[in-house]
Amino acid sequence: MLYPNKSYKAQQKFVNGFIQVLLTVLGIIWILPLCWVILTSFRAEPGSYTSYFWPKGFTVNNYVNLITKDQQFHFTKWFFNTLLVSVISCVGSTLIVLAVSFTLSRLRFKMRKPLMNVALILGMFPGFMSMIAVYYILKGMNLLSNPLVCLTLVYIAGAGLQYYIAKGFFDTIPKTLDEAAYLDGATRSQVFFKITLPLSKPIIVYTILTTFMAPWIDYIFPSIICGSNYESYTVALGMFKMLEREFIGTYYTQFAAGAVLVSIPIAALFISMQKYYVEGVTGGAVKG
Amino acid sequence: MTQSEYFLLPWYAKIFKTVVNGIKSFILGIVNFFKNLPKNVSAFFRKLGSGFKNFGRTFAQGGLRTKLSYFIMGAGNLFRGQIIRGLLFLASEAAYIWYMVKSGAACIAGLRTLGTVQRGWYFDEELGIDVMRENGDNSMLILLYGILALFITAVFIVLYLNNISSAAEAEKLSKAGAKLPKFKDDLAALLDGKFHKTLLTFPIAGILVFTIIPLIYMILLAFTNYDKDHQVPANLFTWVGLDNFKTMLGANSVLSQTFWPVLGWTLIWAVFATFLNYVLGIVLAMLINKKGIKFKAFYRTLFVLAIAVPQFVSLLVMKNMLAEAGPVNVLLMELNLIDSPLPFFTDPTWARVTVILVNLWIGIPYTMLITSGILMNIPEDLYEAARIDGASPFVMFTKITMPYVLFVTTPYLITQFIGNINNFNVIYFLTGGTPATLDYYQAGKTDLLVTWLYKLTVNSRDYCYASTIGILVFIICSVISLITFRNSQSYNNEEAFQ
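From first to last, the protein sequence lines are chains A and B. The numbering of the first sequence is the numbering used here, which starts it at 1 and goes up by one. The numbering of the second sequence is the numbering used here, which starts it at 1001 and goes up by one.
Please note that the accuracy of each hint is not assured.
[Stated by the list, open to error] If the Cβ cut is set under 10 angstroms, some of the chain A residues that face chain B in the computed set are:
hint	residue
1	S7
2	I19
3	Q20
4	P33
5	V37
6	H74
7	K77
8	V91
9	L104
10	P126
11	F128
12	V149
13	I156
14	S228
15	Y230
It is worth saying that the hints were derived from the structure and are not from the lab. Keep in mind it's a predicted model, so treat the numbers as computed, not measured. Idealized CB from N, CA, C, for every residue including glycine.
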């Protein structure tokens, strides 16, 4: 070592102190925009920009107006629209994701590898390249008058391609369990329902949460499907509308209020499932 | 070169080596593909041939009831007592024939021209005047219904072959004197031996209708002239072969003058957005995990909070904060650090740097989240030994931390790179592609290929060009992942850990 023991310790202390300060500064940078939204949502003065950070007056009227007033924007309606879509598509998508990932992980059949290759290839096309075509297919099915049904349908139909993380989880369940059950005369469906699913609580929770969150944060697809059908906007779409040039001056503080209302549950869900997300991405390599 | 020699190389030589190897194996892969092509093609045709032979032999050797099911689907099953199965086959044949007669055949025939009758004024010879034709052909619907008809036909062919093998199977079983499976047994098999069919039917149907058919439709559009001058229903569009690709990649059109710069910026963006996020995220994770740092959990939550908020909220807020009259500029001006607002989103170079920086704000916490656990798993004695040998923190980072983390997260890195090429949200919410420029067709200076694609479909309705870009993006992405994935363990040894 270049340094004698004592000064090494002193140096470490200095370095740690420096890092502590650095982390605090970085933390402030990272959290500042979020604080700014929260402050804006309570700001009494309207308008999108202010030349000061700290609001001059505080009010909860932004929240009250957002939820109760219904002339231009129907936030409450949008909120329940999104809730409806996300609950239904969450149930459907979770079932589909679990079914597909179990099949590809545990069952062996001729088309297994080809199907997985097809899924890989489909994933490499830009996601919304086909959205216009989906729009016309839905039009052909006479569903466009009800955009919420369209959204739910398309979210559920696309779920089959999101099997990757759940499959990784099923891969880690020992196969000997299945084999023992087959020896005892269990059918494959019994293995699925009575052995694999009870062992898969974490991944079921993860799948439910991710599929529940998707409609809340998706913007592009609803924007193509809903068009000018205000009544059936989702939250993301409606709030983007609030920032259009003719509305932003009046509605910016209400937008901030809406952003806070939507972000709290979504952020809570995300934080509660971050562990599964990490495990999924690193393929279970992290056990810490 | 042996493994140990490789480890002794300096880091830049390692990267160089990896890239060279990747390209080499990619070229080898292509060469092998073409070398094996005759073999694979002949194997395919042999398989097809044997399939036909089987088809013919079953007909020649089969009994009357099996022969009958070549024409009347389900006959072989019906006359052997498998009533429900037979009726299902029969119903599907009836439905298919009814569909083909009613509209299917016309749909498939329409694919050849994509419509010939244009809406608009035309000269009626009988009347001797110009007449308005109200109902012309709609090329778009003709293409869409044609694809649907082809898919229905493909499904029907599968069903038809199933019917024949089912009839042959029934004949074989009854000749051997065995009991034929009843419909109840078929249902039971769907929960056991054929459980994969039960589980996959719905998901595959969904993907087929809402992903594959639309995708094929869009891919085919790339070979038509469905641009803003050929809008349905007033106009027709038709096949143009590879013209769009020539315009897009060639030299002398405004489209290619947009395509190449946008592609260049997309790649620069993807490289910066991926690797800066990655390295800085690891550094942040190391800082938080360093021994002697207090409030680790607090810091971690602080950073995760920034990505837990939905992107449309956080990015739109960022956009407003950095706007010309936004709080950041106002603050800097009040502190007298600058005289005029900084052109965060108005100057092309500034805008490009800004989106990369804002993307750091979103991306670093993700990497931190993922690598924290991996960092904690690195054995402490490795660092101990390095410290005793007098290694500097930087050397330890490049020689111990990075290799360890890279080993686990290479697949993540590749998906991130592909994801950044297709990163719609950051660009669309932050800049919307602006600042606009007259050099480009329908694109701004910060537009990526995907956001340009979006603008071409939604704003100018140049569907054929949008599809062409989509296909080119697909080619780029698949080439990159082929280079990197093909040699990785996780691709080749998928079942190694099961």
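Here is how each hint holds up against the structure:
no.	hint	in the structure
1	S7	violated (15 angstroms)
2	I19	holds (5 angstroms)
3	Q20	holds (6 angstroms)
4	P33	holds (5 angstroms)
5	V37	holds (5 angstroms)
6	H74	violated (18 angstroms)
7	K77	violated (18 angstroms)
8	V91	violated (13 angstroms)
9	L104	holds (9 angstroms)
10	P126	holds (5 angstroms)
11	F128	holds (7 angstroms)
12	V149	violated (13 angstroms)
13	I156	holds (7 angstroms)
14	S228	violated (14 angstroms)
15	Y230	violated (18 angstroms)
Hint check: violations occur at hints 1, 6, 7, 8, 12, 14, 15; the rest are consistent with the structure.
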